[in-house]
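J.: Residue numbers (the numbering used here): 24 to 215.
Simulated from the structure, these hints should not be mistaken for lab results.
Where a beta carbon is used, it is the ideal one built from N, C-alpha and C, also for glycine.
It is possible that some hints are incorrect.
Pairs of lysine-lysine, PhoX-like flavour, derived with a Cα cap of 25 Å [said to hold, decoys possible]:
no., residue 1, residue 2
1, 70, 55
2, 122, 203
3, 57, 70
Here are the simulated distance ranges between beta carbons [as the list claims (entries may be wrong)]:
no., residue 1, residue 2, range
4, 168, 191, 14 to 20 Å
5, 92, 180, 19 to 25 Å
6, 196, 151, 52 to 58 Å
7, 68, 178, 47 to 53 Å
8, 72, 131, 48 to 54 Å
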Amino acid sequence: MGFNIKNRKNSILLIAFVSAAALFFYFLYFPKAKEVRTLTAEYKNIKSGLDELYAFIGGEENLKDNIVKMREDFARLEEAFPYEKEASNIIKYVNNEAKRFNVNVRSLNPKDLYFFKDDTGNNLIIEGYLCKCMPLSLTIEARYQALGEFLERLESAESPVISVENVNAVKNENIKPLIKARVEIIGYLLGR
Numbered sequence: 024m025g026f027n028i029k030n031r032k033n034s035i036l037l038i039a040f041v042s043a044a045a046l047f048f049y050f051l052y053f054p055k056a057k058e059v060r061t062l063t064a065e066y067k068n069i070k071s072g073l074d075e076l077y078a079f080i081g082g083e084e085n086l087k088d089n090i091v092k093m094r095e096d097f098a099r100l101e102e103a104f105p106y107e108k109e110a111s112n113i114i115k116y117v118n119n120e121a122k123r124f125n126v127n128v129r130s131l132n133p134k135d136l137y138f139f140k141d142d143t144g145n146n147l148i149i150e151g152y153l154c155k156c157m158p159l160s161l162t163i164e165a166r167y168q169a170l171g172e173f174l175e176r177l178e179s180a181e182s183p184v185i186s187v188e189n190v191n192a193v194k195n196e197n198i199k200p201l202i203k204a205r206v207e208i209i210g211y212l213l214g215r
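Generate coordinates for the entire structure from the input sequences, incorporating the hints supplied.
T.: Next up, the structure:
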């Protein structure tokens, strides 16, 4: 049996083709396929992160409006809970509301700050700040209706957040038609 030159040429071509294909796959295709898989996984992670962000903000179509709304909500929260160094703003607010309702504030005594506790007994934290309570004791003179409107306004105010804890009203013959009242309120602050 002899060796056929034509078969030898075909064999060499076949070996060259297989070698070229192996080199192509080894050096070009497989590295690029691996890179494509990595980029696809990264794309899916980024897409899921964006989907979560859009779900949090409220969707792509309302992105700008919702970001503006979130900023406004945060600004309202900051106004509702002033920082500890701005505690005097609560006192100013109470005095301004008293003037607005013709309530005569005879004395206003702030007491020591203390931490606000949640239902489980832990300190309440808002935006990374501890919520503190600033008790105020007021002695006031006013008409019944003015006193009621004043206290209702303090309770319903969203900025700053104030709660009326105790009211002790006494009718005094010397200051008719006014009543004298001792009011305990709490203003809420953010502090460290």
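J.: Identify every previously stated hint that the structure contradicts and give their numbers, smallest first.
T.: Result: no hint breaks.
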